[in-house]
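> Protein chains in written order, with this note's numbering: chain X, 66 to 467; chain V, -11 to 515.
Rather than coming from a laboratory, the hints here were simulated on the basis of the structure.
What you are looking at is a predicted structure, and each value in this text was computed from that prediction instead of being measured.
Take the hints with a grain of salt, since some may be wrong.
Counterexamples of contact, computed for chain V against chain X with all Cβ distances above 12 Å [to be verified]:
hint, residue
1, Y25
2, E66
3, P250
4, S447
5, E449
6, N483
7, I498
8, V504
Quick partial rundown of chain V residues pointing at chain X, CB under 8 Å, derived from the structure [said to hold, decoys possible]:
hint, residue
9, I9
10, T11
11, F16
12, N17
13, L18
14, F20
15, L21
16, P232
17, E235
18, P308
19, S309
20, T310
21, Y312
All residues carry an ideal CB built from backbone N, CA and C; glycine is no exception.
Residues per chain, in single letters:
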Amino acid sequence: MKKIITLFIILVNISLIGLFNPFNENPAEIADRKNTEIYYPIINSDFNFSNSLVNIYDLNIFTEGHKITKDEKKTLTKDDLKMYISYNVNIFRFGKQNWDVAFTTHAFGKSKVLSKEFAELIFYGNEEEEYTANSGEGTKGFVFSKIAFNYAFPNEYHMTFLPESNKKGNFLDSIREIPIYLGLKFNIYYPYTYFGVPKSRQKFGSTDILGYYTYDYELNYSDEKTSNRLSAGLGFGIKAKYSKGTIHFSLDDIFGSLNFDDLYGKTEERIYEDTLAFLHPDHEATSIHNTQEFRIKDKLISISPTFMMGFDYHLNEILSFMAKYKNSKYEYPDGFSVGVDYHLANKMPIQFNIGTDRNFYYEFKTGILSKRFEYMLSVTFFDGFLIFSKGFGIKTGIKYKY
Amino acid sequence: MIKKILPVILLLIVLGCDLGIPTWDVSFNLKFLNDDYGVEELAETDTALVVNIEGNIEFHETIDESQEIGEFDIEPPEEKNTAVIMSEFAPGLDQYNGITVGNLPPVAQEPFVLIELEKQLDTFEEFEVITFSKGFINITVTNNTVIWLGNEATGPFFIDVIDSETNIVLKSVQFDQHIAPNGGIGNKVVDLTDDTFPDSLKLRFCGGSKVTDDGSQIIDTSALVLISVLLDDVAAKYAIAPIPSQEIDEIDGALEIDIDYPEIDGTFDFVGYTEIIFNTYSPIPATIDMELIASNDSVEVVGDPLSIDIPEGNAVTVLPSTVYNMNNLLEIFPDTLSYVIQPTIHGEDQLYELYDTDEVTADIELIAELQIQTELTGIWILPKDNGEYKISKVDVKDFDQSIYDTFKKGVFYFEYLNSTGVQLYADVLISDDSLSIFQEMKHYYNTDTTKVKLFEIPSIETTNDTIFKSIEIEINQDDLNYFLADFVFIFQRLNFYSSGQNPISGGLKIRGEINVDLTIGSHLVKN
């Protein structure tokens, strides 16, 4: 009985801390919600930006007139320069007990701005005879809105199909008793813009028999002629409470896609080749420049299902731990993360999460938590702290409850 | 709305970082030249230059001419004479021999017809057969008898010229005037154009006659009629005959030498081997006299006359430079090589069958290895294009201040093998006005570098076949000042030295690499 009472207390707490719930994308989380919640528009947002190469302090390199030193060159040529940006904003969210509707907008971009090999060419000159790179390839950016209808079944379910035992403390019995909550999601997607570079290659060579550079790329993006179409997706989630912990699992954006019709497309190819035979009267360097513009009908940008699973464990009323894995195609960062949550005076949660995506990241989250009001502020640093990080994130949220 | 706002928010974030473009120095090594330039390529640029079997470059032009023999002379045929005794062609008067005409019976004084009589002429030694392109047969008859040759009543006097072998009458000569007795002379000239005569002819006499009206004349049946036959002023269109020496029409012509010669400043000699090869055909022995005249815009050189005898049929005759040297003609860098060829045929010693349409042909190859001997200071070569100095006007609008600022310095490295046998230097003159180039192009050793930028390319010396030599040229930012103008004018002059020991051969293998130091920065970003 004591166990059940303890569990109840924890559940109440959890239900009160939606902004601080690391698993709040799971529709099953609202199964046992007893109140009504309104999220403050716009303020509920999440911005993250990072790159693979330079930290914020190193951004000093990119000031007008700054002369790049040897060490800075070393930094800039350490790896491919990749950039990630993600911005999610909650335009509207309202939830009452076990149902919820949310209107969010997501912007996501990623790009391999400069490959390591080409960066070496740019900053050190050509030390090798030939260089091949695909800087820019895979660059992708899109903005879309998503209206999600969440519904969680208020009843808890048990695995009654497991055989019952009469022995006290039997493990199988405890499993049978685990309350399981189920939530469902129905999403509507509306795309705004898209930009993609599916192909981009660069070559440079200065060999004994040939001097050349070539580049070719293909880009597509939405323009004023592009029409956007609504599409729909599904999701579901499970929450299972066991002992002092909870297991979370959700799969979202099943069948999710962004539908564009009549995207602008362009390919460009430039080839310059010189056989170095300048002394011959008929010597002529080859120069080819082809550009082609086209339209793309029915471009479907598939959103792979967003997968999340994890668990949290409450050591006591004020201290809990969590571990989570998330894979999303439009939210950054994701990947595997672990965290600790401490409630100062039961009013001020302090969370620290560490995770790994393309970079390691460190998230500090705090705020104010009351029965009627929640305020959350979170900062994230990538691969370091403060100005020595390779990116940062800011997350804010305000929620009213009654 | 969101669609509009989001990009603005993102832009503000980026701008908030105050990002700008830094500057950095970078060094590039670019291989820009790897080429073989053999004499084969040099020769390809001009039809007058070829590479011979020894691999040496040579001047090679061919004069390809022919000339028809045309109307030709034979030795003037000797006059042929013959005589006829009166009794042979007027046998009816034999019985009155010694009687005065006045005493003849009336019957004997009636007109009568001469008995046809043939007389063989001596064979012509000057020809065996001839078809006349022009000429006449001149027959003179001296009548020493007492009878007329020709009579109104019985007909005019004829002499037929007959082929002795075939008895075909080749020419029938009618005397329009009757030939009077007792020394009367008849002469007839007949055109022989297009007639063909063998060397053996006979004459046939015929026609009307009557005794003289002078009754005091005594009939002498042994009196003679003298006939002389002369083939006069003859020329042949065909003959089997000994051919006396005679010129046929001369051949005039000119070869355009399409070499775009540069201007040469300095003393030099052509010292290479030269050769003239005559590939001839003639139906009869002949002599070819030839004169070569080399000329360009400013000078004309007339070569020594040359003469070669060519046999009957095909023949090759070679005149090496020890016999005839063309170097003095080529030294002026001619753009035209004129020639006058005078063929003379001669075949006096035997019979030749010759038509006027037969031709004397001559393919004359003029060959000269380019072997130039200069003074130690070499000669300066100023390239020209269609007679104008080859000053290139280059659009350098793209070379703006930003590129100038980017370029710090560059070093050109060249490695080369030079087996041409000549040593080259080159100067490159650059200015933003062509007049300065023009003024300084011939100031080889005291170029005013305030007017033009002078890049001196060190000597490309001769090398052996395997070991590369190298040269290095440094270019600094200041050297490119002229390129900030919209256009620059570029002229290059070459210094060429050769000891004259070897003809120009082999080639140039050259590899070029530039090491350029650049400063990259925001100045490269326009607008």
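> None of the hints should be skipped; say for each whether it holds.
Evaluated hints:
Not every beta carbon of chain X lies more than 12 Å from that of V/Y25, the smallest distance being close to 4 Å; the non-interface claim is violated. Listed as outside the interface, V/E66 is consistent with that label: its C-beta sits roughly 69 Å from the nearest C-beta of chain X, beyond the 12 Å cut-off. Distance check for V/P250 against chain X: the nearest CB is about 16 Å away, which clears 12 Å, and the non-interface claim stands. Distance check on V/S447: its Cβ is at least 18 Å (rounded) from any Cβ of chain X, clearing the 12 Å threshold; non-interface status holds.
Distance check on V/E449: its Cβ is at least 18 Å (rounded) from any Cβ of chain X, clearing the 12 Å threshold; non-interface status holds. With 12 Å as the threshold on Cβ separation, the claim that V/N483 sits away from chain X holds: the shortest Cβ distance comes to roughly 18 Å. Remark: the non-interface label on V/I498 conflicts with the geometry, its nearest Cβ contact in chain X lying 7 Å away (cut-off 12 Å). With a least beta-carbon separation of about 9 Å from chain X, V/V504 fails to lie farther than 12 Å from that chain, contradicting its non-interface assignment.
With its C-beta approaching chain X no nearer than about 6 Å, V/I9 sits inside the 8 Å limit, and its interface hint holds. A hinted interface residue such as V/T11 counts as satisfied when its beta carbon comes closer than 8 Å to some beta carbon of chain X; here the least separation is about 5 Å, so the hint holds. For the restraint placing V/F16 at the interface with chain X, the shortest Cβ-Cβ distance is roughly 5 Å, inside the 8 Å limit, so the hint holds. Checking V/N17 against chain X: minimum C-beta separation of about 6 Å stays under 8 Å; hint holds.
Here the hint on V/L18 is kept, as its CB sits about 5 Å from the closest CB of chain X, short of 8 Å. Checking V/F20 against chain X: minimum C-beta separation of about 6 Å stays under 8 Å; hint holds. Taking 8 Å as the C-beta contact cut-off toward chain X, the hint placing V/L21 at the interface holds, the least distance being around 5 Å. Against a cut-off of 8 Å between C-beta atoms, the interface hint on V/P232 is violated, since the closest Cβ of chain X lies about 56 Å away.
Nearest Cβ of chain X to the Cβ of V/E235: about 46 Å, over the 8 Å cut. The hint is violated. Given the 8 Å rule on beta carbons, the hint for V/P308 is violated: about 34 Å separates it from the nearest Cβ of chain X. Hint status for V/S309 relative to chain X: violated, with the closest Cβ pair at about 31 Å, above 8 Å. Below 8 Å, beta-carbon pairs count as interface contacts, and V/T310 has none with chain X, the closest being about 37 Å; its hint is therefore violated.
For the restraint placing V/Y312 at the interface with chain X, the shortest Cβ-Cβ distance is roughly 34 Å, beyond the 8 Å limit, so the hint is violated.
Hints 1, 7, 8, 16, 17, 18, 19, 20 and 21, counting from the list given before, are not met by this structure.
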